[in-house]
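Please put together the full structure from these sequences, using the hints given.
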Amino acid sequence: MKRNRGMIVLFLAPAVFMFTVIFLYPIVRTIMMSFFKIDGITDPLAKWQFTGLDNFFKLANTSLFRISMWNLFRIWLVGGIIVMSLALLFAVIITSGIRFKSFFRAVIYLPNIVSAVALATMWLQYVYSPKFGLLKTVFSQLGFTSLAKIQWLDNDHKFAALLLAYCFGMVGYHMLIFASGIERISSDYFEAATLDGANKIDQFRYITLPLLKGVFKTNITMWSVTSVGFFVWSQLFSTVTADTQTITPMVYMYMQIFGAGNSVTERNSGLGAAIGVMLSICVVAIFWVCNHLLKDDDLEF
Amino acid sequence: MRKRMMALVLASAMAVSLTACGGGQTTGTTAAQEAATAAPAADNSQGGAAEQAGDGSGLVYWSMWEATEPQGQAIQAAVDQFTADTGISVDLQFKGRTGIREGLQPALDAGTNIDLFDEDIDRVNTTWGQYLMDLEDLAKAVDYEATANAGLMAACREVGGGTLKSIPYQPNVFAFFYNQAIFDEVGITKAPATWAELDDACAKIKEAGYTPITCDDAYIVCMFGYHMSRLVGEPKTEEIVKGGLWDDPSVTATAEAYADFADKGYFSETIASNVWPAGQNQELALGTAAMYLNGSWLPNEVKDMAGDDFVWGCFSYPEVEGGTDGTDAANYGAQVLAINKDSQNAENAFKLICYITQGEFDKMLSDLSVGIPADSNNSEWPELIACVKPVMESMNTRYPWAAGGEANADMTPIIKENFLKLCGGTIDAQGFVDALKKAGN
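Residue numbers (our numbering), protein chains in the order written: chain A, 1 to 301; chain B, 1 to 441.
Derived by calculation from the structure, the hints in this document are not laboratory data. As the structure is a prediction and not an experimental result, all values here were calculated from the model. Hints should not be assumed to be uniformly reliable.
[Claimed, not checked] When the alpha-carbon atoms are kept at most 30 Å apart in a straight line, the in silico DSSO-like pairs for lysine-lysine are as follows: (1) B:264 to A:37; (2) A:37 to B:438; (3) A:136 to B:206; (4) B:363 to A:131; (5) B:437 to A:37; (6) B:341 to B:363; (7) B:206 to A:131; (8) A:217 to A:295; (9) A:149 to B:204; (10) B:363 to B:351; (11) A:37 to B:236; (12) B:341 to A:37; (13) B:303 to B:236; (14) B:264 to A:149; (15) B:437 to A:58.
[As the list claims (entries may be wrong)] Here are the in silico distance ranges between beta carbons for each label pair: (16) B:269 to A:193: 54 to 62 Å; (17) B:141 to A:126: 49 to 57 Å; (18) A:157 to B:249: 31 to 39 Å; (19) A:157 to B:383: 51 to 59 Å; (20) B:437 to A:126: 37 to 45 Å; (21) A:114 to B:288: 28 to 36 Å; (22) B:181 to A:104: 47 to 55 Å; (23) B:269 to A:25: 49 to 57 Å; (24) A:17 to B:163: 46 to 54 Å.
Ideal placement from N, C-alpha and C gives every residue a C-beta, glycine not left out.
Okay, here's the thing in structure tokens:
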């Protein structure tokens, strides 16, 4: 077929233009900003003060930022293991031919359609309440007095409390992705394996898991991107002022760009941009590692 | 390989675009708030205010409130009356707290036509100081100060660099609020004015079976800041907090004072795990705790839980032995209205400010929000906060928020964590100081 260069350019131009304006320009500007000290996020270039790599060094030397990175790592790793395990388990159960499949799927997905503000209020003011909370009541009735006395929102337990509440809402979303991946696998494989005498666990180990590699990659990437953007739950678990157990780099970035709490504090959008650059490097690194560890190019089904 | 490179580029584009906006997830909230407030703004545009606003004849007003809040309702009523009386249309946009905090400066930088806006006194004058018009002449022309609160006008000039760049409304003061019924029951006839008197009062309250003091995580650093400022003054407190001078004896003295109260069991058993508003709602308002250090907005916030029979008391943070500051110092201030220096409608904008901050609508705002009136002619304060009047009138020195305790954003969460532990009794005074020193900055 004869190629018409004019047509190619014409059809590609809008997409390239949009990509440049919406993606490329913010990326380039953010990277540039990370090398400057900038008070207001929309300050003109003339007001930017070049500081080289100072923003990155300052972040590395700030204990609160290091704490926020540690929290993010814990959310990503511990939360990731919990959410992926439960999501996969539920996806396998849902797709195993149980009755009321749609009902269970809807119930597990339900927290995703409830506002995070409402969910967090329920967890904070009801489930974890040391006075009349759900956990306190349940543990008291079961006779576990030491567990009933735990103050779930004090500094020692706040991170676990936050993580539990967050994971509760995230399982359904990743379960749906896993379930759609499992449903894509032809039932012929399972029938053949059953005829050959493989039990359900073997089928899961040798058929489902290998054929879900691509879906794992998708889920891990999606989880990493949402973890990096962890903000709302952190804000809800520590209103007004940030908290060492719930602060994430995104919250730290917000403090640097728009000021912290009710106080008028020093702002530096350049520092915020540097955080953005660091986080995106993290996501790219995770994506790269995933691509190398979970190769699914060799399988076709 | 090329495919992989493309995938990498796209992944990084996705990540950067997600992080580049800063608080990306709040955008949704802001957009929702804007959508929610757009309707009432349009409803009240009266004859196409939005069209007229940009052409120089109407006004554009960005407010920090939500349309559904009492403050928003009073402002809306003032704007409606202003338009009815003068024929000047007003495009009133309720942006909400995060909306104005995140959006005002970019909008002004982009040249958006905004004639006036409101927010907290410190943020308007400090963060947005470069966008403000000098209001001295406009105020003089209508003799505005004849009925204004002199202390607050002075505060506005102080933060405005010596000149008047904002007009206060909805004043507030930060002090100890208490349950008068508990004080009466245990026989405390005079509100504590010194730390020793507070100690005595707490002992009596504790003996009667109540929790003397409660607090929430959101306000706990204020206790630290106030005690420090009573000891060494606010500027020195700010110097210590910003400079990380944790070896200063005042830090240890503050920690020891609170460790002593914790040892005596004066704080709520759940103080270390109270996430706002658990302490103010479930303890103070429900009558199990007696005192809470908070702003004069507190009675309004908890009025539905506290009930009609709850009688409030208020006293300024007590003096401490050997300290520099007395009870006449506190964080008092207001929300303020300011005019964009590029506004073509400054006179009309100031006229609208007078509508909101004086007379009928100042009274309405005070009544609806159970707040302090800004107009000195509105001498009758809402009954719930009548106790605040003598405290407000006794003020001479103004602290910024948290009396300087939150001046260093990198340290606030660390002070908060360890002060909660100190009040909860899980660390001692030395442990508190050591934790701050370890954090460094």
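Run the structure past the numbered hints and jot down the numbers of the failing ones, going up. 1, 4, 13, 19
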